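Asker: Given two chains presented individually in distinct reference frames, assemble the corresponding complex, making use of the accompanying hints.
Protein chains in written order, with numbering that gives the first Met the number 0: chain A, 0 to 403; chain B, 0 to 233.
FYI, nobody ran anything at the bench for these hints, they're computed from the structure.
On a predicted model such as this, the values are computed, not experimentally measured, just so you know.
Glycine included, every Cβ here is placed at the ideal spot set by N, Cα and C.
One or more hints might be untrue.
[What the hints assert, rightly or not] With a straight-line Cα cutoff of 27 Å, these simulated BS3-like cross-link-like pairs (lysine-lysine) come out:
hint	chain 1	residue 1	chain 2	residue 2
1	A	K390	B	K22
2	A	K390	A	K3
3	A	K71	A	K263
4	A	K71	A	K107
5	A	K107	A	K156
6	A	K71	A	K249
7	A	K190	A	K263
8	B	K166	B	K131
9	A	K3	B	K222
10	B	K74	B	K213
11	B	K82	B	K213
12	A	K153	A	K107
13	A	K3	B	K26
14	B	K197	B	K225
15	B	K199	B	K123
16	A	K66	A	K253
17	B	K197	A	K3
18	B	K131	A	K3
19	B	K82	A	K390
20	A	K3	B	K232
21	B	K74	B	K130
22	A	K13	A	K3
23	B	K26	B	K74
24	B	K26	A	K390
25	B	K213	B	K197
26	A	K3	B	K123
27	B	K199	B	K130
[What the hints assert, rightly or not] Not everything, but these chain B residues come out facing chain A in the computed CB check (under 10 Å):
hint	residue
28	E20
29	L116
30	V120
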Amino acid sequence: MMFKIALRNIFRRKRRSIITMLTMFVGFVLAAISIGWSDGTYNNIIDSFTRNRLGHIQIHSQGYLDKPSLYKNIENYDSLRNVIADIAGVEFTTPRLFASGLASLNDKSAGVRIIGVDPEIESRATHLDRKVAEGRYFSAQPSNKALLGRGLAKILKASVGDTIVIISQAADGSIANDLYAVFGIVESGDKMEDRASFYLHLEDAQQLLVLQNRIHEIAVICDNLADVPQTSAGIEEALNDSGLDVATWKEFAKSFYRAMRADKEGMWIMLVVILIMVAVGVLNTVLMSVLERTHEYGVLRALGTAPGQVFRLVIIEVLIIAVAGVIIGCGLSYLINDALSAHGVPLPETFTYGGVEFKRMYTEVNLRSFYIPALSVVVSAFLVSIFPAVKAARIPPAQAMRSV
Amino acid sequence: MNKKENNHVVMAQGIVKEYREDKVPVKALRGIDLTIDEGEFTAIVGPSGSGKTTFLNVISGLDDATGGSVRLSGKLLSEMSGKELSDFRRDNIGFIFQSNNLIPVLTVEENVEYVMLLQGVPKKERHERVKKILADLGLEDMADRRPNRLSGGQQQRAGVARAMVSKPALVLADEPTASLDSEAAESLMEIMRELNEKSKITFIFSTHDQRVMKKARRLIVLKDGKVDRDEVKG
Ligand SMILES: Nc1ncnc2c1ncn2[C@@H]1O[C@H](COP(=O)(O)OP(=O)(O)OP(=O)(O)O)[C@@H](O)[C@H]1O
Ligand SMILES: [Mg+2]
Numbered sequence: 000m001m002f003k004i005a006l007r008n009i010f011r012r013k014r015r016s017i018i019t020m021l022t023m024f025v026g027f028v029l030a031a032i033s034i035g036w037s038d039g040t041y042n043n044i045i046d047s048f049t050r051n052r053l054g055h056i057q058i059h060s061q062g063y064l065d066k067p068s069l070y071k072n073i074e075n076y077d078s079l080r081n082v083i084a085d086i087a088g089v090e091f092t093t094p095r096l097f098a099s100g101l102a103s104l105n106d107k108s109a110g111v112r113i114i115g116v117d118p119e120i121e122s123r124a125t126h127l128d129r130k131v132a133e134g135r136y137f138s139a140q141p142s143n144k145a146l147l148g149r150g151l152a153k154i155l156k157a158s159v160g161d162t163i164v165i166i167s168q169a170a171d172g173s174i175a176n177d178l179y180a181v182f183g184i185v186e187s188g189d190k191m192e193d194r195a196s197f198y199l200h201l202e203d204a205q206q207l208l209v210l211q212n213r214i215h216e217i218a219v220i221c222d223n224l225a226d227v228p229q230t231s232a233g234i235e236e237a238l239n240d241s242g243l244d245v246a247t248w249k250e251f252a253k254s255f256y257r258a259m260r261a262d263k264e265g266m267w268i269m270l271v272v273i274l275i276m277v278a279v280g281v282l283n284t285v286l287m288s289v290l291e292r293t294h295e296y297g298v299l300r301a302l303g304t305a306p307g308q309v310f311r312l313v314i315i316e317v318l319i320i321a322v323a324g325v326i327i328g329c330g331l332s333y334l335i336n337d338a339l340s341a342h343g344v345p346l347p348e349t350f351t352y353g354g355v356e357f358k359r360m361y362t363e364v365n366l367r368s369f370y371i372p373a374l375s376v377v378v379s380a381f382l383v384s385i386f387p388a389v390k391a392a393r394i395p396p397a398q399a400m401r402s403v
Numbered sequence: 000m001n002k003k004e005n006n007h008v009v010m011a012q013g014i015v016k017e018y019r020e021d022k023v024p025v026k027a028l029r030g031i032d033l034t035i036d037e038g039e040f041t042a043i044v045g046p047s048g049s050g051k052t053t054f055l056n057v058i059s060g061l062d063d064a065t066g067g068s069v070r071l072s073g074k075l076l077s078e079m080s081g082k083e084l085s086d087f088r089r090d091n092i093g094f095i096f097q098s099n100n101l102i103p104v105l106t107v108e109e110n111v112e113y114v115m116l117l118q119g120v121p122k123k124e125r126h127e128r129v130k131k132i133l134a135d136l137g138l139e140d141m142a143d144r145r146p147n148r149l150s151g152g153q154q155q156r157a158g159v160a161r162a163m164v165s166k167p168a169l170v171l172a173d174e175p176t177a178s179l180d181s182e183a184a185e186s187l188m189e190i191m192r193e194l195n196e197k198s199k200i201t202f203i204f205s206t207h208d209q210r211v212m213k214k215a216r217r218l219i220v221l222k223d224g225k226v227d228r229d230e231v232k233g
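Next comes chain B alone, as it looks inside the complex (with noise of 0.2 Å):
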């Protein structure tokens, strides 16, 4: 493995991903090859349909591809175990999803912390952490709260929280700002790109928005399945 492709956080090789839990498979990924370096701020855009939640679950190991290879960080997903694959994902992915992600019986708090309590991140440090972002993200008053008491704007912004809090290598984000009003989406995507930048954190997420669009350095167009367009933007 040369130097180069070491510095690839994502290499994906020739990925096919067939949904077949219905009597007719359907064909969401039809062969994409696409790296993305460190450092990138790279946005996924595409029709609904297109296969965008679907390649960034296949790229974070969320589901197994019918074919070709993911590799993070130079590491084959499918030579990773079940467990390896966890706990890579607890050490260096953090994930924001479309909707409805937050664990119901635990409080705002509780839920950012939950990542740092698998890493072992000390009680002290955590709470701190904890703190910080959630004031960073305007939800300092809500920590004691369960998530069926927040409103959905609130609910991702804790979902942001919890996937930023424990700084990771790669942040995933699907439609990141899709339950948000353009305000709050704007905020967002500075926080974003503040830590892109600050602490060279890797963002790749979809989006429909194109406010969202324009602040990414990379677009990369889904097309049923297929890469259409990949532009660096100067």
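Okay, chain A solo, but in the shape it has when bound (with noise of 0.2 Å):
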């Protein structure tokens, strides 16, 4: 009966309520499309920040990640990396080698970070390869070649052809030095650290540092990034007594992770100050609609309607009208989301995050994105009629039967 008192009072005053409705569902859809573009972007960011680059979990031996030395190797490897193959949720492990190093070239030198990489298992995994901008990635045997970076490169005023002459340190104590010849310039999206990088084929740089068959860091890719946890887990579990240490990106990439966690913090803020615009336009209508029925809930209350089923009444009427909002508003922002999801929206300016370039952000569709501002929404048109429905309660029948 209340049921049917609201819905008809809703069709009474088919503006107002169709304007509360379409705050209510811009509320939503705003909500919506923000929360799907907040994950999308943060999801994007995170992907490609640690799958194109980092890997999703790295494996180190123990004590690498806080004081990193050429000693905390791994010798295992080829062992190893059966066993964590067959880890449910593991799509990739690349093993990778570190040093550091001078580079000459001329007159010109430079400190850098030598990278030793398994070129055919970095490009399947990390797309080393496409990141090369001049020159050509390496080939699959080793052959004394090089990858400069490009911010290297500038500094040593190096190009394609030259070559470049490296001393280091060995792991057996003596100096290893050796010459390679630039084979390409990469681009990783990183400026910094296109400034120091030198990639250098696995083998040749186990040569070079005297580290046969001894890495420094197995990065594994996930299938996917929400089941990284699991993932990291099951390998931890499968290394148990190996003295190696798992990290996932969140650990070794902290301060990478507390920006993105504060990107999320935004999105809240965001959503509050969309829901308080909703709230204030309900809670207008809402008055308005309480007061001018005053009188109505007077006769109810005088013909023995209960205090509780006027308050109901009210708040029956703004929920209906909320979930219809709602409704309509997950239909149009699915469509919202499902086509920016797909075709992504061009940035005015690419930008640069945690090394990574970005041209172009895709939104998410996920569930997240439709109950929050559902749940949101609806909670606080019930919470702004709470005040008007407790009016309509308790106001005297007489003194309401008083007001037109």
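Answerer: Right, dumping it as structure tokens:
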């Protein structure tokens, strides 16, 4: 009965109901898109940052992350690789070796970070080959070829075809030095990093540093960003007593992770602003309609309608409008989010975040982007109508009936 | 409480009502002592502004008294919660208001049915009773109309139907015949009288209308918020 009266009241004041519904609808759609956008961006950035460079999970010898050293290395990569590859959620594992050294060309020299990679796996896992902006990528066999970061090439005034001298310290204590031909210039997206990166074929690097078959890092790429924690736990269990540290991107890229979290908080602030907008709009119309119907509420109360039933009548009316707004909003925001996730939004300016360059952003269609705004709109509409509803329920009937 | 008191449908003692909504408080009732017994057919009369509406509102709990006490069937109004009071009204009191008292979004039929819905009367019985009372009041053709498509007199009759349909023990009517022509007023009084005699429903109604006063068995005259005269007719 209360539902029937509420529904008819809604239709009696079509214009106002529609405006109220539109307010909620717009609030919902804005909130849904901003969540879809935020989640999409968040995952876009994290995935680019991790999948295309660092990996989702990294495995090091104990203590390497805190204090890297040539000697904290992993020696049985070949067998580990097979163990890890069998764990659910693992897509690729790729070995890396790091060392610092000095590079010189003619009268220029610069400190470099030597990065030894397995060309074939690295190209599949992190697409290093696609980051070669000039020249060519490694061939499968070691052949004393090097890829230089764009910044480093600039410092050394090196171009493809030049030969660079590297001096470093080898694991056996000897001076390591060798000559490498510049084969390509890499633009990883992180300009800082490109100023020091000196990529070598893994075997060339092992030979230079006298670290036969040894590496410093196993980077793991997972099928799915969302499954990283489980996969990481799986790896940890499998490597139980090997004395290796397993870390996810949240640990080895702490500052990046913190920045992303701060960004997410920005989304919540936006959501709150949207909801306040909705709430103010709704409060206004609910107050108006309660005021206008005071006489009717008085009659209902005189006839024996309990205060609680009048309270419910007001609330039901608002909730019907809210639910309608949300349902229509779901449809539209699904269409928008879906379109934006498929085609993306071209950014007015490409921007670099955490070393990855973005030209286009994709939103994400997920459950969150529906139920969070839906709940928020419905709950805020409810909260906002409590006060007018209590007012309608409490006023003495005779007094209510005097108002026209 | 003695046996006699139990028969009082309404027992008002020293009722004072002051409206304080404006800057200058208005004393609408200045100490009213009245008892109304089961089965009475009582008219409250008096000049405009004498406090008739206020009195009906206060004794039914629609408005709070400023002073004094009201007992309905022996129960003190001031001790009832909002919910108890609405339940009491739902189950025991029918109201006919001066004007403008139907729920605009409900049809005549639904308006009349409403109280029975609150009471939880089964559907079949509800519909039978609605049908009968609408026929009695000559409203059978209006059943599906909304109040805004009725004449003033038809609206008033629909209000009467709503007040009577659940056969309450007490009917309070504030100028029930005010918007009716003399013929309709006559027939409404007949219906009320019949319900009073057959179903022992207690009626208290306020009126300006001489003809309505004549039908009453007890006449309470209010003047300036006080009982000026109280006479029972033979
Ligand atoms: N809400 C109010 N605020 C202030 N004064 C009021 C209010 N309602 C009624 N009054 C005053 O109380 C007095 C009694 O009013 P009430 O409506 O009870 O009279 P009444 O006998 O029903 O009059 P009528 O025959 O015109 O309906 C009047 O002086 C009136 O002006
Ligand atoms: Mg009056």
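Asker: Would you mind marking each hint as holding or not holding in the structure?
Answerer: Consistency of the hints with the structure:
no. : hint            : result
1   : A:K390 - B:K22  : 23 Å, holds
2   : A:K390 - A:K3   : 21 Å, holds
3   : A:K71 - A:K263  : 36 Å, violated
4   : A:K71 - A:K107  : 31 Å, violated
5   : A:K107 - A:K156 : 8 Å, holds
6   : A:K71 - A:K249  : 22 Å, holds
7   : A:K190 - A:K263 : 25 Å, holds
8   : B:K166 - B:K131 : 13 Å, holds
9   : A:K3 - B:K222   : 44 Å, violated
10  : B:K74 - B:K213  : 32 Å, violated
11  : B:K82 - B:K213  : 38 Å, violated
12  : A:K153 - A:K107 : 10 Å, holds
13  : A:K3 - B:K26    : 41 Å, violated
14  : B:K197 - B:K225 : 32 Å, violated
15  : B:K199 - B:K123 : 25 Å, holds
16  : A:K66 - A:K253  : 15 Å, holds
17  : B:K197 - A:K3   : 35 Å, violated
18  : B:K131 - A:K3   : 24 Å, holds
19  : B:K82 - A:K390  : 15 Å, holds
20  : A:K3 - B:K232   : 47 Å, violated
21  : B:K74 - B:K130  : 34 Å, violated
22  : A:K13 - A:K3    : 15 Å, holds
23  : B:K26 - B:K74   : 26 Å, holds
24  : B:K26 - A:K390  : 26 Å, holds
25  : B:K213 - B:K197 : 20 Å, holds
26  : A:K3 - B:K123   : 19 Å, holds
27  : B:K199 - B:K130 : 22 Å, holds
28  : E20             : 8 Å, holds
29  : L116            : 5 Å, holds
30  : V120            : 12 Å, violated
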